[in-house]
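Novice: Spelled out from the first residue to the last, the chains are:
2 protein chains.
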Amino acid sequence: MGKQNLTLLTDFYELTMMQGYFNNNMNEIVVFDVFYRDNPCNSGYAICAGLEQVIEYVKNLRFKDDDIEYLRSLKIFDENFLNYLKNFHFTGDIYAIPEGTVVFPMEPLLKVVAPIMEAQLIETAILNIINHQSLIATKASRVVYAASGAPVMEFGLRRAQGPDAGTLGARAAVIGGCIGTSNVLSAKLYDLPALGTHAHSWIMSFDDELTAFRKYAELYPLNTTLLVDTYDTLRTGVPNAIKVFKELRDSGKMPEKYGIRLDSGDLAYLSKMARKMLDEAGFTDATITASSDLDEYVIESLIAQDAKIDSWGVGTKLITSKDCPSFGGVYKLSAIKKGDKFIPRMKLSENQWKITNPGNKKIYRIYEKDSGKVKADLITLHDEHFTSDKPLLLFDPIATWKKTYLKPNTYTLRELLVPIFINGKCVYTSPSVMEIRDYCAKEQDTLWDECRRLTNPHNVYVDLSSKLYQIKTDLLNEYYASL
Amino acid sequence: MGKQNLTLLTDFYELTMMQGYFNNNMNEIVVFDVFYRDNPCNSGYAICAGLEQVIEYVKNLRFKDDDIEYLRSLKIFDENFLNYLKNFHFTGDIYAIPEGTVVFPMEPLLKVVAPIMEAQLIETAILNIINHQSLIATKASRVVYAASGAPVMEFGLRRAQGPDAGTLGARAAVIGGCIGTSNVLSAKLYDLPALGTHAHSWIMSFDDELTAFRKYAELYPLNTTLLVDTYDTLRTGVPNAIKVFKELRDSGKMPEKYGIRLDSGDLAYLSKMARKMLDEAGFTDATITASSDLDEYVIESLIAQDAKIDSWGVGTKLITSKDCPSFGGVYKLSAIKKGDKFIPRMKLSENQWKITNPGNKKIYRIYEKDSGKVKADLITLHDEHFTSDKPLLLFDPIATWKKTYLKPNTYTLRELLVPIFINGKCVYTSPSVMEIRDYCAKEQDTLWDECRRLTNPHNVYVDLSSKLYQIKTDLLNEYYASL
Numbered sequence: 060m061g062k063q064n065l066t067l068l069t070d071f072y073e074l075t076m077m078q079g080y081f082n083n084n085m086n087e088i089v090v091f092d093v094f095y096r097d098n099p100c101n102s103g104y105a106i107c108a109g110l111e112q113v114i115e116y117v118k119n120l121r122f123k124d125d126d127i128e129y130l131r132s133l134k135i136f137d138e139n140f141l142n143y144l145k146n147f148h149f150t151g152d153i154y155a156i157p158e159g160t161v162v163f164p165m166e167p168l169l170k171v172v173a174p175i176m177e178a179q180l181i182e183t184a185i186l187n188i189i190n191h192q193s194l195i196a197t198k199a200s201r202v203v204y205a206a207s208g209a210p211v212m213e214f215g216l217r218r219a220q221g222p223d224a225g226t227l228g229a230r231a232a233v234i235g236g237c238i239g240t241s242n243v244l245s246a247k248l249y250d251l252p253a254l255g256t257h258a259h260s261w262i263m264s265f266d267d268e269l270t271a272f273r274k275y276a277e278l279y280p281l282n283t284t285l286l287v288d289t290y291d292t293l294r295t296g297v298p299n300a301i302k303v304f305k306e307l308r309d310s311g312k313m314p315e316k317y318g319i320r321l322d323s324g325d326l327a328y329l330s331k332m333a334r335k336m337l338d339e340a341g342f343t344d345a346t347i348t349a350s351s352d353l354d355e356y357v358i359e360s361l362i363a364q365d366a367k368i369d370s371w372g373v374g375t376k377l378i379t380s381k382d383c384p385s386f387g388g389v390y391k392l393s394a395i396k397k398g399d400k401f402i403p404r405m406k407l408s409e410n411q412w413k414i415t416n417p418g419n420k421k422i423y424r425i426y427e428k429d430s431g432k433v434k435a436d437l438i439t440l441h442d443e444h445f446t447s448d449k450p451l452l453l454f455d456p457i458a459t460w461k462k463t464y465l466k467p468n469t470y471t472l473r474e475l476l477v478p479i480f481i482n483g484k485c486v487y488t489s490p491s492v493m494e495i496r497d498y499c500a501k502e503q504d505t506l507w508d509e510c511r512r513l514t515n516p517h518n519v520y521v522d523l524s525s526k527l528y529q530i531k532t533d534l535l536n537e538y539y540a541s542l
Numbered sequence: 060m061g062k063q064n065l066t067l068l069t070d071f072y073e074l075t076m077m078q079g080y081f082n083n084n085m086n087e088i089v090v091f092d093v094f095y096r097d098n099p100c101n102s103g104y105a106i107c108a109g110l111e112q113v114i115e116y117v118k119n120l121r122f123k124d125d126d127i128e129y130l131r132s133l134k135i136f137d138e139n140f141l142n143y144l145k146n147f148h149f150t151g152d153i154y155a156i157p158e159g160t161v162v163f164p165m166e167p168l169l170k171v172v173a174p175i176m177e178a179q180l181i182e183t184a185i186l187n188i189i190n191h192q193s194l195i196a197t198k199a200s201r202v203v204y205a206a207s208g209a210p211v212m213e214f215g216l217r218r219a220q221g222p223d224a225g226t227l228g229a230r231a232a233v234i235g236g237c238i239g240t241s242n243v244l245s246a247k248l249y250d251l252p253a254l255g256t257h258a259h260s261w262i263m264s265f266d267d268e269l270t271a272f273r274k275y276a277e278l279y280p281l282n283t284t285l286l287v288d289t290y291d292t293l294r295t296g297v298p299n300a301i302k303v304f305k306e307l308r309d310s311g312k313m314p315e316k317y318g319i320r321l322d323s324g325d326l327a328y329l330s331k332m333a334r335k336m337l338d339e340a341g342f343t344d345a346t347i348t349a350s351s352d353l354d355e356y357v358i359e360s361l362i363a364q365d366a367k368i369d370s371w372g373v374g375t376k377l378i379t380s381k382d383c384p385s386f387g388g389v390y391k392l393s394a395i396k397k398g399d400k401f402i403p404r405m406k407l408s409e410n411q412w413k414i415t416n417p418g419n420k421k422i423y424r425i426y427e428k429d430s431g432k433v434k435a436d437l438i439t440l441h442d443e444h445f446t447s448d449k450p451l452l453l454f455d456p457i458a459t460w461k462k463t464y465l466k467p468n469t470y471t472l473r474e475l476l477v478p479i480f481i482n483g484k485c486v487y488t489s490p491s492v493m494e495i496r497d498y499c500a501k502e503q504d505t506l507w508d509e510c511r512r513l514t515n516p517h518n519v520y521v522d523l524s525s526k527l528y529q530i531k532t533d534l535l536n537e538y539y540a541s542l
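In order, the protein sequence lines correspond to chains G and U. For what it's worth, our numbering labels the leading residue of the first sequence as 60, then goes sequentially. For what it's worth, our numbering labels the leading residue of the second sequence as 60, then goes sequentially.
Be careful, since some hints might not be right.
It does not matter which identical chain is meant; a pair holds if it fits inside one copy or across any two.
[As the list claims (entries may be wrong)] Keeping only pairs whose Cα atoms sit at most 20 Å apart, straight-line, the calculated EDC-like set for lysine to aspartate or glutamate is: (1) LYS316 <-> GLU277; (2) LYS123 <-> ASP250; (3) LYS396 <-> GLU87; (4) LYS247 <-> ASP137; (5) LYS396 <-> ASP266; (6) LYS381 <-> ASP352; (7) LYS466 <-> ASP455; (8) LYS406 <-> ASP325; (9) LYS134 <-> GLU277.
Hints are computed from structural coordinates only; laboratory data are not their basis. All of these numbers come straight from a predicted model, not from anything done at the bench.
Given these sequences and hints, build the entire structure.
Specialist: Pasting the structure below:
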């Protein structure tokens, strides 16, 4: 993706609106928030991801001559505006929650503070990137949680929605906790472990399964994982694998890592039978890897039935987040700067949940001091300041009678949004993906186990400061009074 | 996508297997088939798409120095093999069904006849590309069918699974019948109509809705579509739009195309009320566009309730194929060439439906002569020859007692697979996307309406020639006798 110019990766209306602002001499500083309304996949949280690609995209924003030429050919943009585009680059500020952080609905994952023309152009690409990677990172974290410590490998490239979905999806899956990917390009680009052994076609290219296994073991003496379901798992596959393992043992060439992979059939039954056969032949340290249409629910259910599976390869349902293939991130105008002040703006809706939070905002994460677990998030105005030596009253912004009172020094605070671009200059260095993965694992440890449950999890509260709540209420009242 | 080197866009095991073939001096010509087992989204057919990108990918297959360096760093590939990769290019043949064709389960959409090392490497990328675009083209064709002639616009970039999913997805959506896309990059790359007007942020950037509408109408006097749901659709949005339309009419500046867009709320109710308000004000030719979480089922249901919607913008649920976000295309070895003969190979499974069709094959589509509608598809060996002046007996390959007898000259035949690469040279020129779209519309006309029904459609039969059926049966018997 890095090498492509993605400047035109935007919705057409961003450009028609930009021209509108241009022709009306409107280029106020505005604030746009990226946030989402519901956690994907019935999850109690999401993992935000994609920031590194957003940074690359913003850094490389330039309309090339052929882009201008193309826009001119549409006969809707005038020359003054096209001239402006020729010299376009991003001059604003961007704040974001670091990749791999656990996040919750309604809070800004990313905030753009920039001249409106610039802020408008970048809406679509930012949403595209953040929505995609946050979705897959969240899904992966659920699959990894279900696997209860057994390694999960990302195997989905062939079913991903295009090359980027495979490559950036694998990146996000590793952030969410996968140990590596089968996708070689992604492994190269993001320095991830490249994983995999062989396919059915390897077996079928030989006259018989046993020869195929022997040849494979000869070639890869360090890690010999044999795929046993090309013909018949228990009648030929596992017996042939055991035959080869015995030959290796007899010749003193036992591989350091070895085992079998199951790719079809009832994985609980087959893994138990295979485990028994391997153990009886003395191969108690042979691993059993399973793949075949897995997701967090299937893995949880197989483990509940005591399936003997040491390692999981997860493809389609992870790389597409099959049961919930979109992350509903939106990008909403929340303030316009007039003079030194940010004037709050709000989008209304008949659905209370869909009314946006106005103003230039920041987020505090509140941790219980003793346990280090997340208590709640608090969205405040950007110039409010909270410290943990004071009492803190939290209240639900919709059901306002629901209140929690935190005593001084029983909690700690952390600001979630960090500066990424200031005056158009990138001030942030992305960690490596494997570093983000480690950070993300620690982040998930700050959640109560009840929030990580795969179905009907407990929800973490995201509250508004009293000041912010008041501004929102006033704007609502003002609007309805004006009707 | 075109500018990226996708040579490493492959599963790691393709490379370990390649090295296995290399070290064993195995480089026989083999046949691999791309096919799928079930139509996506409960559809009675699929639309195949992605061939142009497969061609680009195969043409550009080259391991660059840094790719070789990367593979060397993994310490699993030896120098002889890395040297071989340095000079690697595709030398084989590829046959495929042209993009935009209606296709059915179990038939090869694409066939690779090439030395096994080459055929193995390209598995993953071919599946990734074909699976993605065929999925979205199929989904789009369903949405367009539901819209019953009203135009459908692709609006999903912000929720697509990464940049390619948005850009190639828009390409596929147009093949499936969308009139254009909001995605400017895709519109530029594939010469598609770029569509869209303005967002809520346009309205919110002004002090009031009326001013925002006026300014927009001034700027875009040829096509003035106003988004009316930022504050309150019927109380402010539609009345303000009508006010602006009246001002335009009074000043003799009525736009050629004008209307409103609804983006939330109950679209049946709101569109009927808005239509009434517009008509009463004399704006009977104002169009009503709807967007907001649409798919084929919602559109069908809104039309059944007589919603007054002239044009549809479809986003998330089309660009992700939300209810079925993967297309299950697989790539299976079906034959190995020994001397002049193709020796059939078959993957077994306990599930009869999952047993592959062996041999080097081709496909005839059989049309009813009078109606031009598709009667069935017939998979045969590549060297079988059928003509329509002979009687033809079709039988179901699983329920073999189900037979259909076609009289001579009551049907016509068409071979579906056409040569794309011969001896590594591309012999095919892709039509433009808009040409493929026209072809695809004609293709869908060859289906009986019963096959296009959105739920529980009639299925088209895909049968095997007697010769092919016999080979499959013999291989099965032979294998089970050997156990």
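Novice: Against this structure, judge whether each hint is valid.
Specialist: Structure-based check of all given hints:
Taking the shortest Cα distances, LYS316 and GLU277 sit within 20 Å of each other inside one copy (14 Å), while across copies they are farther apart (71 Å). Taking identical chains as interchangeable, the C-alpha atoms of LYS123 and ASP250 lie at most 20 Å apart only when they sit on different chains, with a minimum of 17 Å there against 30 Å within one chain. In this assembly of identical chains, LYS396 and GLU87 lie within 20 Å of each other by CA distance solely inside one copy; the values are 6 Å within and 69 Å between copies. In this assembly of identical chains, LYS247 and ASP137 lie within 20 Å of each other by CA distance solely across copies; the values are 18 Å between and 43 Å within a copy.
For a Cα distance limit of 20 Å, the shortest separation of LYS396 from ASP266 across copies, 13 Å, qualifies, whereas the shortest one inside one copy, 73 Å, does not. With identical chains, the CA atoms of LYS381 and ASP352 are at most 20 Å apart both within one copy (10 Å) and between copies (18 Å). Taking the shortest alpha-carbon separations for LYS466 and ASP455, only the intra-copy value of 18 Å comes in at or below 20 Å, while the best inter-copy value is 74 Å. Only between protomers do LYS406 and ASP325 lie at most 20 Å apart by alpha-carbon distance; the minimum there is 18 Å, versus 51 Å within a single protomer.
Taking the shortest Cα distances, LYS134 and GLU277 sit within 20 Å of each other only across copies (16 Å), while inside one copy they are farther apart (65 Å).
In this structure, none of the earlier numbered hints is contradicted; all agree with it.
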